[in-house]
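Enquirer: Sequence:
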Amino acid sequence: MKIIGIDPGLRNMGWGVIAIDGPRLRHLGNGIIHSEGSDLGPRLSTLYRGLCAVIAQHRPDAAAVEQTFVNKDATGTLKLGQARGIALLAPAEAGLEIGEYAPNAVKKAVVGVGHAAKEQIQHMVRFMLPGVELAGPDAADALAIAICHAHHLQGRALRIKTGA
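Each residue of the sequence shown is one higher than the last, beginning at 758 in our numbering.
Be careful, since some hints might not be right.
Ranges of calculated distance between the beta carbons of each label pair, as one might list FRET restraints [what the hints assert, rightly or not]:
#1 Gly-893 to Phe-826: 12 to 22 Å
#2 Pro-887 to Leu-797: 38 to 48 Å
#3 Ala-831 to Pro-887: 36 to 46 Å
#4 Gln-824 to Gly-852: 37 to 47 Å
Derived pair list, reagent style BS3-like, types lysine-lysine, alpha-carbon separation capped at 25 Å [as the list claims (entries may be wrong)]:
#5 Lys-836 to Lys-875
#6 Lys-759 to Lys-829
#7 Lys-865 to Lys-875
Keep in mind the hints are simulated off the structure, nothing from the lab.
Heads up, the beta-carbon is just placed ideally off N, CA and C, and yes, glycines get one too.
Take the sequences, apply the hints, and build the full model.
Expert: Quick look at the structure:
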């Protein structure tokens, strides 16, 4: 099974694709889709087209998206929410099942604690996916989101198998 993790961002949208091989995880790709300028419509279009191209290239079976947190800047939160809409729309249009995870849940699944620093996340992603070359912190976050979803799916499969 292949999973795409998506770290929503209006300027930089991180993505990472992994494969689940039984209990093992394997890195398939990662990157960052960049949007520039001040006009929101064209920026969202760039993100959507870029994410659709990644999905078409890697053909994942499922997607995982980080949930938006509310910060002090209402305008920034709204813009991030619009980018998150793109992060949900592109995989939905491709017919993918989408898991959504809070930032603290992702950090806990990958690092073991819910308030880990970005450096800790990058270190653990490199540890869990040996040989991975990260395109940047946003791509590392996206891979962490995919890993979180993989752990969720593996746990669910185990509960079904044991009848718990």
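Enquirer: For the hint 38 to 48 Å, verify it against the beta carbon of Pro-887 and that of Leu-797.
Expert: holds, 39 Å
Enquirer: Assess, step by step, whether the Cα of Lys-865 is no farther than 25 Å from the Cα of Lys-875, and give holds or violated.
Expert: holds, 12 Å
Enquirer: Lys-759 and Lys-829: Cα distance at most 25 Å?
Expert: With a Cα-Cα distance of about 36 Å, the restraint between Lys-759 and Lys-829 is violated, given a limit of 25 Å.
Enquirer: Quick check on a hinted range of 36 to 46 Å for Ala-831 and Pro-887, using CB atoms only.
Expert: holds, 42 Å
Enquirer: Does Lys-836 pair with Lys-875 here, judged by a C-alpha cut-off of 25 Å?
Expert: Between Lys-836 and Lys-875 the Cα gap is close to 22 Å, so the pair holds against 25 Å.
Enquirer: The hint says 12 to 22 Å between Gly-893 and Phe-826; measuring C-beta to C-beta, is that right?
Expert: Once the Cβ atoms are compared, 20 Å apart, the range 12 to 22 Å for Phe-826 and Gly-893 holds.
Enquirer: Per the hint of 37 to 47 Å, is the separation of the Cβ atoms of Gln-824 and Gly-852 within bounds?
Expert: Once the Cβ atoms are compared, 22 Å apart, the range 37 to 47 Å for Gly-852 and Gln-824 is violated.
Hint check: violations occur at hints 4 and 6; the rest are consistent with the structure.
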